[in-house]
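Chemist: Keeping their order, the protein sequence lines are chains S and F.
Quick note, the first sequence lines up with residues 1 to 316 if you use this note's numbering.
Quick note, the second sequence lines up with residues 1001 to 1236 if you use this note's numbering.
If you're looking for bench data, these hints aren't it; they were derived computationally from the structure.
Since the model is a prediction, treat every value here as computed from it, not as a measurement.
There could be a bad hint or two in this list.
Have a look at the derived ranges for each label pair, beta carbon to beta carbon [what the hints assert, rightly or not]:
hint : chain 1 : residue 1 : chain 2 : residue 2 : range
1    : F       : Ile-1199  : S       : Pro-170   : 45 to 51 Å
2    : F       : Lys-1209  : S       : Val-168   : 54 to 60 Å
3    : S       : His-205   : F       : Ile-1199  : 51 to 57 Å
4    : S       : Val-168   : F       : Trp-1080  : 39 to 45 Å
5    : F       : Pro-1079  : S       : Pro-170   : 34 to 40 Å
6    : S       : Leu-109   : F       : Gln-1121  : 51 to 57 Å
7    : S       : Phe-153   : F       : Tyr-1064  : 50 to 56 Å
8    : F       : Gln-1121  : S       : Gly-38    : 53 to 59 Å
To give a feel for the contact side, a few chain F residues facing chain S, derived at Cβ under 8 Å [stated by the list, open to error]:
hint : residue
9    : Asn-1011
10   : Gly-1018
11   : Tyr-1117
12   : Leu-1119
13   : Leu-1123
14   : Pro-1137
Residues from chain S that face chain F, not an exhaustive set, calculated with beta carbons under 7 Å [stated by the list, open to error]:
hint : residue
15   : Met-145
16   : Thr-176
17   : Ala-255
18   : Gly-299
19   : Val-306
20   : Ala-311
Don't be surprised by glycine CBs; every beta carbon is placed ideally from N, CA and C.
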Amino acid sequence: MSKSILFNLIQVLVVMVFAPLASGVLSRIKEIVQSKRGPSIFQPYRDLWKLFHKDEIVSEDSSWIFRFTPYIVFVTPIFVATLIPVLTSYPLFFAFMGDMIGGGFVLALGGFFATLAAVDTANPYGPIGASRTRMVGFLAEPVFMIVFFTVSFVAGSTIPYIVQEKWVTPLANFFTPSHVLLMLSFLMLILAEGGRIPVDNPTGHFELAMIDESKSLEYSGRGFALMKWGGQMKFFVLMCIFLNVLVTPWGLAGAHTLGAVILAIPFVLFKIFCFLLVLVVIESSLSKLRLFRITEFLGAAFIISVAAMIAQIFLP
Amino acid sequence: MSDTTNQLLDNLNALATGLFLLTAFGIVAMRQVRGCLNLFIIQSLLLAASAALLGLRHGSEHLYGVALVNLISKPIIVPWLLRRTVSAEIYTRREIDQVLNIPTALLIALALTILSYFLAQPLLGAVAPEFRGPNVPIGIAGLLLGAFTLTVRREALPLLIGLLVMENGAFLTGISISRNLPLLVELAIATDGLIIVFISGVLIRAVQKHIGTTAVGELASLKERDAEPATTETIK
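Let's have the full structure, built from the sequences with the hints guiding it.
Modeler: This is the structure:
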């Protein structure tokens, strides 16, 4: 059991340490694709380091929600990281506490508090971004639900460790239409939830066009660092769910030894690097949608997820 | 053939039909004429892939013939015919409108797909067990979605594509319930489809030449402007 706790700690550490790296790599590749040099891939670490050493300013008119939110945003992805397979293909110590739906709700909790905090300070841009995030959120919610229902319908479970086995045993299962359609609609969800390009421009600095960024406008110093790091970890965790549970359940540690778990780290990072390349292609070839087109984008994701379920019913 | 290979072929065929369904949804929702046409081409390729996979699965060379006929006629000749008959102006035109907004149209399309499942049940009961693939319900869904495209679109070219989607759906059902479709019938159907495209293309061109637009949904309101029969002459 102590070993299990150790592995869990390693999992959490991997998420904490490599989440900024993933976002740094993503922005660097994107700049290279756009014929620019771009910042170093370690720039997010430097940003976090700098922010942790700056003074924090908190508005006198804000309530406890504003002060608590960075911690909640920071902690929720860590909680989820203990529930899902980041490095191992067998459940670890805390995995009994929640399935994929539970993980989704824990992630949504962070988003909920970030929205409240954005409204809390009465900065005019905060509520705009908050209400937009809610709009994207409530459109994404039914898709999440249908995706999880389809997963449980196909695999007979929503516990990620059982689900990931299902897609590749036998290998022919990988090509079932429900699996491919599920991957597609979950990819669209990641783009929407992570604030990536067809839905939101993460590098945009124009407040009126922001969706995700404007929620942390009022934060400074340590609070901002935690919000930023939390956001990067949330994206990393979503990628882990997508890659390790739905797309490529290979390369995870199967044995209960420390060596196997350590060896799984480069495999997982390689998978995430490949996914980032795909993401760069998507982000560089599409433009940001108009706000009211987001309905259609997520509507399409909803249709695809329902089609995944229907395709499963259609199989004899 | 071994069991695992058969299972893989079945799954790949199911995947092709699943993506076929997705392209049918895309054609209902697409805003651009060009996008509609591209989706139709992808759909025809998927249909050919499904036919080839079923041919491989059941060892039937007739289905290879079907795949070949589909591969040549729809993704290659249909766009070429349209390019020849319908002017480039229609090709480059960006946005097209619908009677319904897109999420509503998609939800109705979804309901139609579920309906097709129930429509397929009695058919599936009548055929031999090895033909009970996903082709029959998804083919019927393609048929219904093509008909739905015909009702919600107001632009001439997507209407034509809706018609062709109906044909694709019928094909997808056909290749799964009969192993030995005579090639002559296949060729006849394929030629038929091309003639439909050709005639519709000429018709679209005539409509565009006379009233300056291909938004055929407007024609109804054009008739109402004055009660005299003269307006029908302008359309002709």
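Chemist: All hints are to be evaluated individually against the structure, with a verdict given for each.
Modeler: Okay, the hints, checked on the actual structure:
The supplied range of 45 to 51 Å is met by F:Ile-1199 and S:Pro-170, whose beta-carbon atoms lie about 49 Å from each other. Take F:Lys-1209 and S:Val-168: their Cβ atoms lie about 57 Å apart, and the range 54 to 60 Å holds. Separation of S:His-205 from F:Ile-1199 is about 55 Å and conforms to the stated range, judged on CB atoms against 51 to 57 Å. A hinted range of 39 to 45 Å for the beta carbons of S:Val-168 and F:Trp-1080 is consistent with their spacing of about 42 Å.
The hint said 34 to 40 Å for the Cβ distance between F:Pro-1079 and S:Pro-170, and at roughly 39 Å that hint holds. Distance hint check: the CB atoms of S:Leu-109 and F:Gln-1121 are about 43 Å apart, inconsistent with the given range 51 to 57 Å. Checked against the hint of 50 to 56 Å, the C-beta distance between S:Phe-153 and F:Tyr-1064 comes to roughly 35 Å, which is inconsistent with it. For F:Gln-1121 paired with S:Gly-38, a C-beta distance near 56 Å keeps the hint of 53 to 59 Å intact.
Among the interface hints, the one on F:Asn-1011 holds; its C-beta lies about 4 Å from the nearest C-beta in chain S, closer than the 8 Å criterion. About 3 Å separates the beta-carbon of F:Gly-1018 from the nearest beta-carbon of chain S, less than 8 Å, and the hint is met. Below 8 Å, beta-carbon pairs count as interface contacts, and F:Tyr-1117 has one with chain S at about 6 Å; its hint therefore holds. With a cut of 8 Å, the hint placing F:Leu-1119 at the interface with chain S is violated, because the nearest CB-to-CB distance is about 12 Å.
The criterion of a C-beta within 8 Å of any C-beta in chain S is not met by F:Leu-1123, whose closest approach is roughly 13 Å, and the hint is violated. Among the interface hints, the one on F:Pro-1137 holds; its C-beta lies about 5 Å from the nearest C-beta in chain S, closer than the 8 Å criterion. Contact between S:Met-145 and chain F, as hinted, is not supported at the beta carbon level, the nearest pair being about 15 Å apart and thus beyond 7 Å. For S:Thr-176, the suggested interface contact is upheld, since its CB lies about 5 Å from the closest CB of chain F, less than 7 Å.
Residue-level restraint check for S:Ala-255 is violated (minimum Cβ-Cβ distance to chain F is 27 Å; threshold 7 Å). For S:Gly-299, the suggested interface contact is upheld, since its CB lies about 4 Å from the closest CB of chain F, less than 7 Å. Of the supplied interface hints, the one on S:Val-306 holds, with its beta-carbon coming within about 6 Å of a beta-carbon of chain F, less than 7 Å. A least Cβ separation of about 4 Å between S:Ala-311 and chain F falls short of the 7 Å threshold, and the interface hint therefore holds.
In the structure shown, a violation is registered for the earlier hints numbered 6, 7, 12, 13, 15 and 17, in ascending order.
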